[in-house]
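Starting from the given sequences, assemble the full structure and let the hints guide the process.
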Amino acid sequence: MLKAFGVGLLCTLGIWYFNELIKFLDINKVVYSQQPGPCRAVEGVYVPEQGYQGSEDVEVLPNGIAIFSSGLNYMRNPALKHVQGRMMMFDLSNPDEPAKALRLTGFTRKINPHGISLFTVDGAVYVYFIHHAMDEVDSDESVEKFRLNDLVVAQEDQFYATNDYVLRHRFLRTLEYFSFLPIGNVVYYDGHKGRKVAESLRRANGINMSPDKKYVYVAEAGAKRITTFRRSANGDLSKVSSTFMGTLVDNINVDPETGNLWVASHPIGYKIYLKVAFPVGSVAPSLVLRVNVSEGVITETTQIYSDDGRNLIGSGSAVFQNGKVLIGTPTHILMYCECLTC
Amino acid sequence: MGFFIRLFFCGIIVSGLGLWFMRALEFSDLYNVVHKNVPGPCKFVQGIDLGAEDISVLPNGLAIMSTGLMVPTESGGKPALKSFDFSKPEQPARDLTLSGFKGDLMPHGLSLYSTNGKTFVYVVNHPAGLLNGTGEDEVLKFLWQTDKQTLMFQKSFKDPEFRSLNDLVVVGDDKFYVTNWFTMKSPIMRQLEAILFVLPLQNVVYFDGKAGTVVLSGKYGANGINASPDKKYLYLMEVNKKRLTSYRIESPLNLVPVDEKNLGSLCDNLDVDPESGDIWTGCHPVGFRIMGKMMFNPKASAPSQVIRVGVKNGKFGGSTEVFADDGSVLSASTVAVPYKDALFIGTLDHKALHCKLTGLNPVLKL
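Just so you know, the sequences run in chain order A and B. Residues in the first sequence are numbered consecutively from 1, following our numbering. Residues in the second sequence are numbered consecutively from 1, following our numbering.
What the hints contain is simulated information worked out from the structure, not anything from laboratory work. All C-beta atoms, glycine included, are put in the ideal place defined by N, C-alpha and C. Any given hint might turn out to be false.
Here are the simulated lysine-lysine pairs, DSSO-like style, with alpha carbons at most 30 angstroms apart [claimed, not checked]:
1) B/LYS185 to B/LYS356
2) A/LYS214 to B/LYS351
3) B/LYS340 to B/LYS261
4) B/LYS299 to B/LYS231
5) B/LYS210 to B/LYS141
6) B/LYS155 to A/LYS324
7) B/LYS102 to A/LYS324
8) B/LYS351 to B/LYS141
9) A/LYS29 to B/LYS36
10) A/LYS324 to B/LYS356
11) A/LYS193 to A/LYS110
12) B/LYS351 to A/LYS29
13) A/LYS29 to B/LYS141
14) A/LYS29 to B/LYS315
15) B/LYS36 to A/LYS213
16) A/LYS324 to B/LYS36
17) A/LYS324 to A/LYS29
18) B/LYS312 to B/LYS232
19) B/LYS351 to B/LYS102
20) B/LYS175 to B/LYS315
21) A/LYS29 to B/LYS312
22) A/LYS196 to A/LYS213
23) B/LYS261 to A/LYS29
24) B/LYS141 to B/LYS231
25) B/LYS356 to B/LYS148
26) B/LYS155 to A/LYS29
27) B/LYS155 to B/LYS175
28) B/LYS340 to B/LYS232
29) B/LYS36 to A/LYS239
30) B/LYS148 to B/LYS299
If you only want the chain B side, here are some residues facing chain A, beta carbon under 7 angstroms, derived [what the hints assert, rightly or not]:
31) LYS36
32) GLY264
33) SER319
34) LEU357
35) GLY359
Rendered as C-alpha cells:
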C-alpha cells in the first residue's frame, strides 16, 4: 500500500518535473511583434460584412502587379458559407489604391480559390489556381483524388501540385492532421495525365520553383520543414534536402532576382489548427521568413515579420519586390509593408 | 508465449505513444529554431573577447561593462571593467584602471548612480569566482573618473543575505536592490538548487547602506533587475519561469506587485531606456543550449536574442524581437543597451556587437 503510494507520488512528481522541464525547454513559445518597416492593410480585401476576406496565395509579376486568391473556404466549412471567393489584383507601384476584384469571363460557377501560379508566355499572363468546387464532386480521374493545396506551373499547362490531406470528412481530417502521418504527395500534370512525383510527405502545402527551374521547393507543413527537390526535364523529382523551420510553413514565393525564398508561416502549431477548426473568431499568429538557398540547400533564414495575431491573423504567403513586402492570409487582410533593412 | 506477445504489443503501444508524444511535443514548438534577425548593420566591438555580461550607459554616451565573467583562472585572461564610447563606436573598449582596490576582481551585474556631478559604479563582485565559495560575494563601489579612465575604490558591501549575487540596481546613496541567483551557501546545495530549478527558492535583497533585508522571496530565479527612470517601479527577471515582473516601490521595503509578462525566453539583464522607459534585455532563446553550455560544455556556442518590452506605470505592453542569432555570429547574449540610434549587445563569454537601429520601426506601438 505504502509502496503503491510512493510509486504514485514519484510518478506524479516525475511527470510534473518533466512537464516543467518541457516548459523550460521552449515548449510554450511566445510570438513577438515585429514589422520590417511601416505596415498597413490593403483596402478592399477584408470586408467581413460583405463576405470578403483573405488573401491566401499571393504572387507578383515583374511589373509590380500582384495577383491573389481571396475568400478561400478551406475544407468547405459550412461556417464560411457567406464568404465570397474572388481572384484579385493589387498594384505595388500604386499602393494607395485598393485591391480590385478580377472579373472572370467564360466561367460561371462560384470559385473557391486556393493556391495560385502565374505563368507568362508570349506576353500573355496566365493565372492557374486550385479551385475547391463547393457543390460538385471532383470528376477528373487523372488528378489524384486527394486535396490539392498549391501548384507551380513549369510549362504551359504542365504543373506540379501538392496534395495536403486524404480524408474528406472534417473531423477525420483533424485526426489525420494530428496523426503526423506522411501521406501527402506532389503530383505532376504533364498536360494529359497526373502522376505522383514525390510521396510520403507530411502535409505538402506550398510549392514553388527556382528561377532557373532546376529546383522545386515544397513546404511540408505537418513537419514544419521545407524540402527541396532537383527537377528533371520530364518532371520527375529527386529529393535534395529537408530543413526544419520550427514554424508551420505555408506558401513559398521565390524572388526572381536573388532566388531567395519568401516563406509565410504559422509559428504556433496548435493555434493555426484551432483556427482551421473554428475559423470564425479565433486568432492565429504570423511569421514571415526570408530563406537563402544555394543549389537546393537552405543556408540561412531571416525573420522579417512577426505578429501574435493582433495585427495579422495566420500569415499564409509573402512576396517581396523593390523593398516592399506583401503578406497574405487565408481569412484576414492583405498586409503591405515597407522593409527598411531588406 | 502469451507473455512475450503481450510484451511485444505493450512495446508497440508504448513506442507508438512515445513516438506520438514526442511528435506532439515537437509540434507544440518544443524545438525552437532561431531565425536571424538584425535591426541594421552590426559590427563587433573591438577589444571584447571574454564577454560583456552587463553594461550601463551614461547620458553622454559613455558606457561601462563587466568582462571576463566566465574566465577560468588558469586561462590567463583577466576579468575587467571596461569602458566604451557610443559616440566613437569604432574605437575599442578600454580597460579601466582600478585605484585603491587590492582584492580579486570578477565583476558581474552593475549599476550607475550619479549624484552631485559625480558618477559612482556599483558592481557585484565574486572574489572567490563565479558560484564558488560559500558567501563571499560582495558589492563594490567605485567613483568613475571618466577623464582619467580610472575607477577609484570607495567601499565594499557585504551582508549575510548576500548569497550568490547576480545583478543590482541603485536607488539612492549606497542603497540598492540586489538579486540572489542562488540562495544556498554550500556548493553541493547549490547544485541541488540548480537541478530543482522548478522550486521558487531565489530572492531579492534590499540594502539600505548598512544592512540587507530580503524584500522579495520565493522567486523562480532572480537574475536581471532594474528600475523605471523615475525609480517608482522595480523590474525583476524571474529567469526560471521566463517571466518579467514589475513592482511599485511604495517604500524601500514595501514592493507591491503590479504586472508580469511571459517573455518566452531566458532573459538575463534588464536595461531601461531613459527616454521611452522601455525595457531592453539580452536573452538566451533556446533553453537547452544555454544550459548545455553552462553545465556541460563551456566552449559551445548558444543562440542570442534581444527583446524590447513596452512598459507604462509598471504595466507591460507588447514585446518585439530586435535581434536574433543562432549562435554562429554572436553567442549567449546577456544584455542589450540602446543609445540614440544604436544598440550594444553584450554576451556571457563571447564578443559584443554594436548595431545601428536603422530597421527599427518608430511607429510600432508596444
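Against the structure, the hints:
At most 30 angstroms may separate the alpha-carbon atoms for a hinted pair to count; B/LYS185 and B/LYS356 exceed this at roughly 43 angstroms. Using a Cα cut-off of 30 angstroms, the hinted pair A/LYS214 and B/LYS351 is violated, with the two alpha carbons roughly 40 angstroms apart. About 26 angstroms separates the Cα atoms of B/LYS340 and B/LYS261, which keeps this hinted pair within 30 angstroms; it holds. For the hint linking B/LYS299 to B/LYS231, the alpha-carbon distance of about 39 angstroms lies beyond 30 angstroms, and the restraint is violated.
For the suggested pair B/LYS210 and B/LYS141, the alpha carbons sit about 14 angstroms apart, so the restraint of at most 30 angstroms is met. Of the pairs offered as hints, the one joining B/LYS155 and A/LYS324 is violated, with about 56 angstroms between alpha carbons and a cut-off of 30 angstroms exceeded. Annotation: proposed proximity of B/LYS102 to A/LYS324 is violated, straight-line Cα distance about 59 angstroms (limit 30 angstroms). Taking the CA atoms of B/LYS351 and B/LYS141, the gap is about 26 angstroms. The hint holds against a cut of 30 angstroms.
For the hint pairing A/LYS29 with B/LYS36, the CA-to-CA distance comes to about 17 angstroms; that is within 30 angstroms, so the pair holds. For a cut-off of 30 angstroms, the pair hint linking A/LYS324 to B/LYS356 stands: about 21 angstroms separates their Cα positions. The hinted pair formed by A/LYS193 and A/LYS110 meets the criterion: a straight-line CA distance of about 26 angstroms does not exceed 30 angstroms. Using a Cα cut-off of 30 angstroms, the hinted pair B/LYS351 and A/LYS29 holds, with the two alpha carbons roughly 27 angstroms apart.
The straight-line distance between the Cα atoms of A/LYS29 and B/LYS141 is roughly 40 angstroms, outside the 30 angstroms bound, and the hint therefore fails. Our distance criterion of 30 angstroms between C-alpha atoms is met by A/LYS29 and B/LYS315, whose separation comes to about 21 angstroms. The hinted pair formed by B/LYS36 and A/LYS213 meets the criterion: a straight-line CA distance of about 27 angstroms does not exceed 30 angstroms. A C-alpha spacing of about 19 angstroms is found between A/LYS324 and B/LYS36, which places the hinted pair at or below 30 angstroms, so the restraint holds.
Note on A/LYS324 and A/LYS29: the hinted pairing holds, with a Cα-Cα distance of about 28 angstroms set against a maximum of 30 angstroms. The suggested pairing of B/LYS312 with B/LYS232 holds, with an alpha-carbon distance near 11 angstroms, which does not exceed 30 angstroms. Under the criterion of a C-alpha separation no larger than 30 angstroms, the hint pairing B/LYS351 with B/LYS102 is consistent with the structure, at around 28 angstroms. For the hint linking B/LYS175 to B/LYS315, the alpha-carbon distance of about 25 angstroms falls within 30 angstroms, and the restraint holds.
Restraint check: the Cα-Cα separation between A/LYS29 and B/LYS312 comes to about 24 angstroms, which is no more than 30 angstroms; the hinted pair holds. Taken as a hint, the A/LYS196 and A/LYS213 pair is honoured in the structure, with Cα atoms around 19 angstroms apart against an allowance of 30 angstroms. With a C-alpha separation of about 13 angstroms, the suggested pair B/LYS261 and A/LYS29 falls inside the 30 angstroms cut-off, and the hint holds. As the CA atoms of B/LYS141 and B/LYS231 are separated by approximately 20 angstroms, the hinted pair is consistent with the 30 angstroms bound.
Only pairs whose Cα atoms come within 30 angstroms are accepted, and B/LYS356 paired with B/LYS148 is accepted, the gap being roughly 29 angstroms. With a C-alpha separation of about 44 angstroms, the suggested pair B/LYS155 and A/LYS29 falls outside the 30 angstroms cut-off, and the hint is violated. Only pairs whose Cα atoms come within 30 angstroms are accepted, and B/LYS155 paired with B/LYS175 is accepted, the gap being roughly 13 angstroms. A threshold of 30 angstroms between alpha carbons decides the hint, and for B/LYS340 with B/LYS232 the separation of about 24 angstroms falls inside it, so the pair holds.
At roughly 26 angstroms between alpha-carbon atoms, B/LYS36 and A/LYS239 fall within 30 angstroms of each other, so this suggested pair holds. Under the criterion of a C-alpha separation no larger than 30 angstroms, the hint pairing B/LYS148 with B/LYS299 is inconsistent with the structure, at around 36 angstroms. A hinted interface residue such as B/LYS36 counts as satisfied when its beta carbon comes closer than 7 angstroms to some beta carbon of chain A; here the least separation is about 4 angstroms, so the hint holds. Look at B/GLY264: its Cβ gets to within about 2 angstroms of chain A, closer than 7 angstroms, so that hint holds up.
Residue-level restraint check for B/SER319 holds (minimum Cβ-Cβ distance to chain A is 5 angstroms; threshold 7 angstroms). Contact between B/LEU357 and chain A, as hinted, is not supported at the beta carbon level, the nearest pair being about 10 angstroms apart and thus beyond 7 angstroms. Among the interface hints, the one on B/GLY359 holds; its C-beta lies about 4 angstroms from the nearest C-beta in chain A, closer than the 7 angstroms criterion.
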